[in-house]
Amino acid sequence: MTAATPVLSVEGLRKYFPIRRGVLRRVVGHVKAVDDVSFSIARGETLSLVGESGCGKTTTSRCILRAVQPSAGSIRFLAAEGRPVDVASLPRAELRPVRRQMQMIFQDPYSSLNPRMTISDIIGEPLLVNGMGDLESRRKRVAELLDVVQLPRAYMNRFPHAFSGGQRQRIGIARALALNPALIVADEPVSALDVSVQAQIINLMLELQQRLGLSYLFVAHDLSVVKHVSHRVAVMYVGRIVEVADTRTIFAKPRHPYTEALLSAVPVPDPRKRASRIVLEGEVADPSNVPAGCAFHPRCPYATDRCRSERPELRDAGGGNLVACHRADELALRGVAA
Amino acid sequence: MADPILSVRGLETFFHGDEGIVRAVDGASFDLYPGRTLGIVGESGCGKSVTARSILRIVERPGRVESGSIMLRRADGSAVDLAQLDARSKDMRDIRGGEIGYVFQEPMSSLSAYHTIGNQLIEAIRLHRRMSKQDARARAVELLRMVGIPRPEQRVDSYSFELSGGLRQRVMIALALAAEPRILIADEPTTALDVTTQAQILDLIRRIQRERNLAVVLITHDMGVIAEMADAVAVMYLGKVVEAGPVDTIFHAPKHPYTQSLLRSIPSVLAEPLSRLATITGSIPHPFARPAGCPFHPRCPSFVPGTCDVGSPEVVRLAPDHEARCFLFDQPRETAR
Numbered sequence: 001m002t003a004a005t006p007v008l009s010v011e012g013l014r015k016y017f018p019i020r021r022g023v024l025r026r027v028v029g030h031v032k033a034v035d036d037v038s039f040s041i042a043r044g045e046t047l048s049l050v051g052e053s054g055c056g057k058t059t060t061s062r063c064i065l066r067a068v069q070p071s072a073g074s075i076r077f078l079a080a081e082g083r084p085v086d087v088a089s090l091p092r093a094e095l096r097p098v099r100r101q102m103q104m105i106f107q108d109p110y111s112s113l114n115p116r117m118t119i120s121d122i123i124g125e126p127l128l129v130n131g132m133g134d135l136e137s138r139r140k141r142v143a144e145l146l147d148v149v150q151l152p153r154a155y156m157n158r159f160p161h162a163f164s165g166g167q168r169q170r171i172g173i174a175r176a177l178a179l180n181p182a183l184i185v186a187d188e189p190v191s192a193l194d195v196s197v198q199a200q201i202i203n204l205m206l207e208l209q210q211r212l213g214l215s216y217l218f219v220a221h222d223l224s225v226v227k228h229v230s231h232r233v234a235v236m237y238v239g240r241i242v243e244v245a246d247t248r249t250i251f252a253k254p255r256h257p258y259t260e261a262l263l264s265a266v267p268v269p270d271p272r273k274r275a276s277r278i279v280l281e282g283e284v285a286d287p288s289n290v291p292a293g294c295a296f297h298p299r300c301p302y303a304t305d306r307c308r309s310e311r312p313e314l315r316d317a318g319g320g321n322l323v324a325c326h327r328a329d330e331l332a333l334r335g336v337a338a
Numbered sequence: 001m002a003d004p005i006l007s008v009r010g011l012e013t014f015f016h017g018d019e020g021i022v023r024a025v026d027g028a029s030f031d032l033y034p035g036r037t038l039g040i041v042g043e044s045g046c047g048k049s050v051t052a053r054s055i056l057r058i059v060e061r062p063g064r065v066e067s068g069s070i071m072l073r074r075a076d077g078s079a080v081d082l083a084q085l086d087a088r089s090k091d092m093r094d095i096r097g098g099e100i101g102y103v104f105q106e107p108m109s110s111l112s113a114y115h116t117i118g119n120q121l122i123e124a125i126r127l128h129r130r131m132s133k134q135d136a137r138a139r140a141v142e143l144l145r146m147v148g149i150p151r152p153e154q155r156v157d158s159y160s161f162e163l164s165g166g167l168r169q170r171v172m173i174a175l176a177l178a179a180e181p182r183i184l185i186a187d188e189p190t191t192a193l194d195v196t197t198q199a200q201i202l203d204l205i206r207r208i209q210r211e212r213n214l215a216v217v218l219i220t221h222d223m224g225v226i227a228e229m230a231d232a233v234a235v236m237y238l239g240k241v242v243e244a245g246p247v248d249t250i251f252h253a254p255k256h257p258y259t260q261s262l263l264r265s266i267p268s269v270l271a272e273p274l275s276r277l278a279t280i281t282g283s284i285p286h287p288f289a290r291p292a293g294c295p296f297h298p299r300c301p302s303f304v305p306g307t308c309d310v311g312s313p314e315v316v317r318l319a320p321d322h323e324a325r326c327f328l329f330d331q332p333r334e335t336a337r
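Residue numbers (the working numbering), protein chains in the order written: chain A, 1 to 338; chain B, 1 to 337.
Chain B with its partners taken away, still in its complex shape:
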């Protein structure tokens, strides 16, 4: 495989509040390759959105990227560590949108209600490309056509509230792609949409990825979307990537107890009607009351007292492309005892 376009290592993003520190992202590592989709999956509070926002350096105060590296291979071949850049620097602003496009979860609140979608697109285009307003407008119509918006010549002058949820999300994708980035980060791009519209948007992302060899980071809580879209998957729980590997391995040979439990507990259209679901006991802990040791231990079916509630498990490589963060695979320690 080609070199990764983005390499995240040991990323830590903390929120410093009056009540204490929330370790929203607590040591996340993964690689992203051109033309491939990395799915980041997890439940609320697992840090998947903060991870994406950390890459773009748009974590709001009191959040801060504390440590780790985010190496981006730029179009000219040079490499830059985004974690080291000033969030407000010219470089970072060029990368944001220019090299990494971002699709937000909520298309209604992410689009301005005061500007036409055309003007928002023209702004995004001219921010990164030297272009006359007329040319930028033509390009905006072109972008709207590319994301499958009917009658783009007219729609370019409409406001976001005149569009349906599906069309708004298409406009969001057009905005993210306005400056032709090589990476697209989509944070729950289909969560607010109906299944039929979701299918359209996922198809669109797939098509654009093929046409442009885009590297895609797809953030979602929906295992079904991951199964349909991702090449590689990172499963997050309470700020940590607990398991990462190729999509087939994650779904058919998961090793971490959390991944296993999560997969068993999702309802499926293939299930027997009126059948009970497997559950994970308890619920996700409050951010200020994170358990010591492995964050999953209070809910884990394979909990080992004296080990899991004491130390934090390290990443164990199970195969060249498959890793898990769990004491069950911590071979040296097991044999030493």
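Chain A with its partners taken away, still in its complex shape:
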């Protein structure tokens, strides 16, 4: 599963948004949206970033695509030519060839397709923009891509309004695949879809990964979906990763109290398993005014004095998994039982 060299390896990524006040627009503070995040993704692997809204998962994914300029850190991406590049520091002009190999699937299939373009134009646009092939060869490729996402080729000349949410998401996936990317960043790709359609798209993404050896960075808040698609899961809280582990372990034996609380909040679709939930008090900490010590301590039922003053670093939790909690070794946390 894990290849020797990762497709993507992020090191010390930071994104601070300045807060400006007054007539002189002086910088009075920073929103630390992403604060020292490191992870890697192997070829053919799915890493999911999970956390509550505002935890920095979307900003992280946008930094990787250089849709926003990171404040610090490196984003090493292994392109197909075998030469790793640092996306974070690459000059703008050199970004395009790298971006061919990292594509995005968007959350909202209604606003992410141009209503004035035909399906063939939408899926073929990445080819056109990158000057690949003539009209004829592009149409051939679009037809192939429609096969890949299991849509009839006859739909090629229709406009997006003729399609349901699930079909639109397939079109978005076909567009992302047009340039044979190595990495796909999927930001909440199924959260806008109906349950019965969600399953089809999840299956399609699993299938494509097996067939094409794709790596996914999957950003999601729905832990049930995450359980189905991920090899590994990274949990973020207020801009930092608090735990990374393989999917089976993190769901069965979480090591961080925040992961435990997230898991226990997920409703289980079985009325016989109405469990006593850990209901977290309060709200997510403000990323412009992060609490001292562990950012989670004001909501943590296990917090001690040390947690209030000293920030826990991510450290080895065995089996390649990482956790950032002072008490990880002594706590016996509850996962979701199979």
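Accuracy of the hints is not assured; some may be wrong.
As the list claims (entries may be wrong) - Subject to a maximum C-alpha distance of 20 Å in a straight line, what follows is the list of computed EDC-like cross-link-like pairs (lysine to aspartate or glutamate):
no., chain 1, residue 1, chain 2, residue 2
1, A, K273, B, D248
2, A, K273, B, E272
3, B, K90, B, D76
4, A, K273, B, D203
5, A, K273, B, D231
6, B, K255, A, D305
7, B, K255, B, E272
Since the hints were derived computationally from the structure, they do not count as laboratory data.
We have chain A already, so just place chain B on it with the hints.
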């Protein structure tokens, strides 16, 4: 069990557009009991929200409640059919908010940005209760405290945009409960929220239900929320209640092919990682292109040609409290053939 507080029978709400009629609710029937939660579950376009709006008679034009009855047992013991009332009558306005509270899906667009949450609460209280402004304000603070808003004395003067999504949804619940209704209808109350906040809001609804013996209608697309909250469940598909029964029966012995397929297709935290999900073929048809016969037949694994695509199945009672709308259980017709 006690008498139902609300009985809906054969409710039909249609939208008359230029392109034709959309049968948003096409014969829905269910009962609601004090202290119990009825979960209405279904995918987009199934008519679950329109059902709720029909009960409150707030269906927007060109929608209209066409037929059926919505019998409400009022606090004084009398019964009234909401389907027969004028949507703008004094009675209906008293019932709306006074006897039936409604929590909207989108707390951001449902709260006014121009008025403090306190003023919105005071308005709701004084609409239904004769009370001085000072008393109403004290009551507003009390309501905010009840729904678990920290420092309610200060928060009463804040605007909705100053609050987080979870707090806004708590304010919505406080508003819905301002006139102490006996029924609470919550339409996707947690859809826009994080799981942790969702857990808080569901806990809150449960606690208030216990304290006040509220009858709750919970409308959602999330089977997990239904499993956690509901006593009874109505599963809707394209305007029809296709199956209804106690929550345990719906999850552990579902009979309608749609319920069965839906339950198989939901991702679960208990699943094996990287496992494929069962799917329902196709997608939900466009409102103007509803299939003839049973609305589910083009996607149904048990489709019987010549039966399901011709006639519309009637409700079949499978147990005293369990019913399904499917030809598979239409015994008399089967034996007649």
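A quick look at each hint next to the structure:
no.	hint	verdict
1	A:K273 x B:D248	11 Å, holds
2	A:K273 x B:E272	18 Å, holds
3	B:K90 x B:D76	17 Å, holds
4	A:K273 x B:D203	16 Å, holds
5	A:K273 x B:D231	14 Å, holds
6	B:K255 x A:D305	55 Å, violated
7	B:K255 x B:E272	25 Å, violated
Comparing the model with each numbered hint stated earlier shows that hints 6, 7 do not hold.
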